[in-house]
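**Student:** Order-wise, the sequence lines are chains P and D. Quick note: the first sequence, position 102, residue 102 per the numbering used here, numbers continuous. For the numbering used here, add 369 to where a residue sits in the second sequence, where the first one is 1.
Wrong hints could be hidden among the right ones.
Straight-line alpha carbon distances no greater than 30 Å define the calculated DSS-like cross-link-like pairs of lysine-lysine that follow [what the hints assert, rightly or not]:
{"no.": "1", "chain 1": "P", "residue 1": "103", "chain 2": "P", "residue 2": "121"}
{"no.": "2", "chain 1": "P", "residue 1": "313", "chain 2": "P", "residue 2": "268"}
{"no.": "3", "chain 1": "P", "residue 1": "121", "chain 2": "P", "residue 2": "134"}
{"no.": "4", "chain 1": "P", "residue 1": "210", "chain 2": "P", "residue 2": "329"}
{"no.": "5", "chain 1": "P", "residue 1": "109", "chain 2": "P", "residue 2": "132"}
{"no.": "6", "chain 1": "D", "residue 1": "428", "chain 2": "P", "residue 2": "329"}
{"no.": "7", "chain 1": "P", "residue 1": "121", "chain 2": "P", "residue 2": "109"}
{"no.": "8", "chain 1": "P", "residue 1": "329", "chain 2": "P", "residue 2": "23"}
{"no.": "9", "chain 1": "D", "residue 1": "649", "chain 2": "P", "residue 2": "75"}
{"no.": "10", "chain 1": "P", "residue 1": "329", "chain 2": "P", "residue 2": "343"}
{"no.": "11", "chain 1": "P", "residue 1": "134", "chain 2": "D", "residue 2": "428"}
{"no.": "12", "chain 1": "P", "residue 1": "114", "chain 2": "P", "residue 2": "134"}
{"no.": "13", "chain 1": "P", "residue 1": "249", "chain 2": "P", "residue 2": "313"}
{"no.": "14", "chain 1": "P", "residue 1": "132", "chain 2": "D", "residue 2": "428"}
{"no.": "15", "chain 1": "D", "residue 1": "649", "chain 2": "P", "residue 2": "210"}
{"no.": "16", "chain 1": "P", "residue 1": "75", "chain 2": "P", "residue 2": "109"}
{"no.": "17", "chain 1": "P", "residue 1": "169", "chain 2": "D", "residue 2": "428"}
{"no.": "18", "chain 1": "P", "residue 1": "169", "chain 2": "P", "residue 2": "114"}
Hint data in this document are derived by calculation from the structure and do not stem from the laboratory.
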Amino acid sequence: MATVTFDEATRQYPGNPIPSVDKLNIDIADGEFLVLVGPSGCGKSTSLRMLAGLEEVNGGRILIGDRDVTHLSPKDRDVAMVFQNYALYPHMTVADNMGFALKIGGVAKDEIRKRVEEASKILDLDPYLERKPKALSGGQRQRVAMGRAIVRSPQVFLMDEPLSNLDAKLRVQTRTQIASLQRRLGVTTVYVTHDQVEAMTMGDRVAVLKDGLLQQVDSPRRMYDHPNNVFVAGFIGSPAMNLLDLPVKDGGVQFGDALMPISREDLKDLGSHVTVGVRPEDLDLTETGQGLAVTVDVVEELGADAYIYGQAKAHLVDADLDESEAQAKPFIARVDGRRPPEKGQTVYLRPREGHLHMFNAESGERMGD
Amino acid sequence: MPLELTAARPDPALLDLPWSVPLEDWPADRLAALPRGISRHTVRFVRLSHRVLAIKEIKVDLARREYAMLRNLERMDLPCVEPFGVVSGRQTPEGMPLDACLITRHLQYSLPYRALYSQTLRPDTSQRLIDALAVLLVRLHLAGFWWGDVSLSNTLFRRDAGAFAAYLVDAETGELRPSLSTGQREHDLEIARVNIAGELMDLEAGGFLEEVADPIEVSERIVDRYRELWFALTESERFETGDRWRVEERIRRLNDLGFDLDELAMSTDLDGTTIQIQPKVVDAGHHSRRLLRLTGLDVEENQARRLLNDLDSYRAATDRQNEAEELVAHDWLVSVYEPTVRAVPREFAGKLEPAEVFHEVLEHRWYMSERARTDVPIRLAVRDYIDQVLPAKPDEQSVLGVDTVEMPVVAMFDD
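Make a model of the complete structure from these sequences and hints.
**Tutor:** Now the structure itself:
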């Protein structure tokens, strides 16, 4: 087992004016489950492949433990790509299906048997070792495939969108299984996904990338409560955080009819406008008509809660969209599912205290705590 | 959601297929062959307007991606199955959405490796399959294709004058790059080695492989063959300026391997005493292109080599070395090749491709001549071959085993 260090690691393709991964710095602790997440083209898969030895590193270094692996071949890095080839062979026993790659690697028979038995205990497969895969259920087969990577006892597991071809239900089940297995094994794991829900539910820490640049690396909770910039704020969370461009006046920001006070210290750095973020669950309906007016287009009832999607009388922003597209996005709020407003109604919403996120309108960087 | 069909040359008959039924449950009367084995995705073969199509049920984004990838490979003239189309927007009569389907055309006279092992085989079949796969992998890598899931199961084999020619079947995991790094090529090679060993061990466990062959040893052959070929095609060479014949020699060596040189970088050192040459672009199919130009026959590389040799002997035997090659080739085609392949009775036409029949007849004639200690004319050899050998051959025009027999790992959960 080992730590993994990306030290200013850079990958630039020939003929590309900008790097696909630009000076990436992440320290991954021994045994940690780190998820790389971001929209397509953000550099997450490239980063993983740099670690695997499948993409050349043009600048910086990559370390596994204290070992500089930057220029080692994939084979010599002691990492395992999980789920790369997950076919099981029908005529071979479960034990042979798990251990055959070790046999190819020249590992002694006794050692193979020992490792297969250990892995099968962790995977609850020990009663089935002498059976053929045909006799196993789907879930058990999946675990045999995982076992194939486990018996190699690599220093690091690498997983690149392993769930992408599963249907939604299976995806949820498998992701729970992978996360719990990783915790039991305690092997450092780097996992790539484009799905922020997957990232948030699986990772000890999550690294968000965009355009080859690391935006933030934090625990899921910290990332959710404390996004470093407008991009992370909009990317993490489902439904997404509402982001508004609001004027600053009289010691606060004008949120519809309501003036949300801001500490004197924070006010110092604000210009005349600020990007304000508020999550759908951090809004209250006001009885008094104070706050931001929103005309309800859709009510999504989920039982205990309901989400309303509507048009806000405010200037919506999005780090990735142009102004008119951003403006067309709905404003979203979570309300009590027992008494939701009706479609067409205008409601007034006010953010809960301490739940406003503020970002510099120019740079998008977070301001204040 | 309406059914959506994407295809370069759409066939309206496609719309008659039962798209609202999960592929797994398609009625047997629709299928060209009953499914054999299980693959990662559901795959079925259907007969449609006189051709056989392979249909794979897969998520729509993956289906579109693989279709586009196969189209690209086809455009680059790389050996792969022919993409036919994507059907998406499928749903059951109850409105339940179904996965999309990727449709490819069945490659005629191609054989999945497992079908080869169910026949009586020459002992070196595994080696010949692996040699063919090594050529395929080198060609794909030269073109910048990073396969990601190299295996015998993901390849189809066509007979090629006693050897095999390999075709890529599954491009699901593949990526096209301007060029591949050494790490990427090595990764494919390592995957190939492990998969081939696994596939052979599985055949061994199933009792299909003669026990003498060691799967691990055989699987290592892919690495050796690949490296040899890659080196021969891409290495740079340095020699004295006086040894310029070595440029010619290099080109001949590439031709012997079945490749044509498209571009060669040549440079001298500062004082001009040594020359360095580096092949930059090579294209496979040296002999098959030459045969195509001379005769219009489109066959595999080794078959072309064999046919060209016979053409050369014909030229020598008829003493026409000084005539234009095209004219002699035309006469050879009309008087030797065509009568031979036409002699095959219609009921045996599905057994072997014509060019492979011609190759086998030449082999047969050689054995007959050896026995008779005199040259046997080809028309006698054909007759004897058709009487004695061909009837016992299996039909190989449409061998429709599902290409992988591995178990699906991703299936329903038990817990």
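**Student:** Taking the numbered hints from earlier one at a time, note which ones the structure violates and give those numbers from smallest to largest.
**Tutor:** 8, 15, 18
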